[in-house]
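Which chain is which? The protein sequence lines are A and B, in order. Those letters in the first sequence? Residues 1 to 279, per UniProt numbering, in order. Those letters in the second sequence? Residues 1 to 145, per UniProt numbering, in order.
Hints in this document: simulated from the structure, not taken from any laboratory. Take these hints with a grain of salt, some might be off.
[Said to hold, decoys possible] Pair by pair, the computed Cβ-Cβ distance ranges are: (1) B:Q22 - A:I274: 27 to 37 Å; (2) A:D106 - B:K19: 24 to 34 Å; (3) A:K135 - B:L71: 27 to 37 Å; (4) A:K109 - B:T17: 41 to 51 Å; (5) A:R277 - B:V27: 31 to 41 Å; (6) B:R79 - A:N119: 14 to 24 Å; (7) A:T190 - B:E98: 48 to 58 Å.
Glycine residues also receive a C-beta, built at the ideal position from the N, C-alpha and C atoms.
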Amino acid sequence: MLQKKKKNILELWMKNQLADEGLREDLISNDDLRAQSEELIDSLVTNLSSGNFTDLNSDEWSPVIEILGGIAITRARQGFSPRETGAFVFSLKEALLETLQKEIGDDTKALFTESMKINRLMDNLSVITFETFIKGREEVILRQTDEIAEISTPVIRVWDGILALPIIGTLDSARTQVVMESLLQEIVDTGSSIAILDISGVPAVDSLVAQHLIKTVSATRLMGAECIISGIRPEIAQTVVHLGIDLSNIVTKSTLASALQHAFKVMRLEVKKITPRTN
Amino acid sequence: MRIPTCQTMILALSKDTIKVTQEQDVVFLKNRVKEVAVKIKMGLVNQTRLLTAASELVRNMMRYGGGGSCLIEVVSSGRSNGVRLTFTDKGQGIPDIEAAMRDGFSTGKSLGLGLPGTKRLVNEFSIKSKVGEGTTVTIVKWANG
Chain A
1 MLQKKKKNIL ELWMKNQLAD EGLREDLISN DDLRAQSEEL IDSLVTNLSS
51 GNFTDLNSDE WSPVIEILGG IAITRARQGF SPRETGAFVF SLKEALLETL
101 QKEIGDDTKA LFTESMKINR LMDNLSVITF ETFIKGREEV ILRQTDEIAE
151 ISTPVIRVWD GILALPIIGT LDSARTQVVM ESLLQEIVDT GSSIAILDIS
201 GVPAVDSLVA QHLIKTVSAT RLMGAECIIS GIRPEIAQTV VHLGIDLSNI
251 VTKSTLASAL QHAFKVMRLE VKKITPRTN
Chain B
1 MRIPTCQTMI LALSKDTIKV TQEQDVVFLK NRVKEVAVKI KMGLVNQTRL
51 LTAASELVRN MMRYGGGGSC LIEVVSSGRS NGVRLTFTDK GQGIPDIEAA
101 MRDGFSTGKS LGLGLPGTKR LVNEFSIKSK VGEGTTVTIV KWANG
C-alpha cells in the first residue's frame, strides 16, 4: 500500500521539511535534500513491503541503515545541529502517519496498529540516526585532538645555537614523546648547544610530568647539549618541593628571559645597550 | 542514645561524580576540580596543590586501577570550606599500603612519589585498599589550610 503512495509521502515529507524553521538552505540545497530523501524513501518502502517491522538487525534493513547513517555522518561534518538532523527523520514519520491516516480512514483499530508499527520503526531509525550523528561529531573531535597535539610543540630557534620549546597544556606520555623527538631532531639539524624548555603554559607539574621533564633533559644531555627549564611559577615551585621531586641537578629559571640570559653567559655572549657617541 | 563521634563535623555541600575511563576524562576532571576550587575562593597555591594531588591520584587510578570514578564534594567544617575528592577504582588493589606510602617505592617505572607526595600536598588523606577488589583514596584540601 505504501509502495503506491511513495510519491505522495515524498511530497509530503519535502513539504514538511521545507516548512520547518530549522531548514538550513545555507548548508544543503533543496535539490540535494530531495535526492537524499528520495533515496531513503525508496529503500525504506521496499523494506516495508517485506513486512519485517521489528528486527532492525536483520540483513534486509542494512541498506536503509547504511543510507541513514551516511546522511547523519555527512550532516555531522557539515555542521548541522542535532535538532536539524532529528527534524529530518521526525518529519518523515509525520509524513508516513499522515498518509496512513488518509489511506485507512475510519477504521480506528487498524489505524492504531499500523501507526504503532510505524512509530516503533521510526523511533528505532531516529536512535540510529543520532548514534551515527554523534559518532560523526566524535570523529571530528578526535581529529582535532590529533591536530592540537601536532601543532602545540613548536621548536623555536631564538639565537644561533639556542633553541626554545614552549610547552602549553598537560605533558602526558604521548606529548613528551613528540616534544622529545622534535627537540632532539632540531638539535641535530641546527647544531645547537642549548635548549630551553619553557613550562609557563603547564597548569600543574605532578610526578609524571616531572619524570618526563627529567627524561627529556637527560636525552638532550646525551646529545651534548645543555637543557634549561624555564617558566617555573611560584605555586609550581612549592608543589614540586612538597611532592619531593628532586630537580636540583637541572638548571631551572623562573622566566624565559632569565634562561636566555643564562644561555648567553654560557655561550660567552653579551647584550649591550648602544650609547650614542658624544664628540 | 549514643551519638557517634567524629573528629570534626564535615558537611558536604555539593556533590558531583565523574567517571574516568579515558585519557580525555583526566583533563575534564582536572577542569572540574579547578572550577570547584575557584568557586570556594581557594588561593592559587592551594589550587595548584589540589590540582597536582588530583592529577597524581587520577594517574594512579588510570594506570593501576584501569579507570574508576571520582566524587568531587565541597565540604564545610563550620569555619572554612574545602574540597573533598574520593577516587574509587576496582583494580587489583595495593598489597602493601605501608610500602606504597614510602618515598621512592613504585611497582611501575615511575618516581614513586605519587602517594606520599599527594599526602604532603593535602590536609587530609586516607587510603583503603583490598587486593583484588580495588582502592579508594580520599583527600581533603581546605581553602586556607
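What are the numbers of the hints the structure violates, in ascending order? 1, 2, 5, 6
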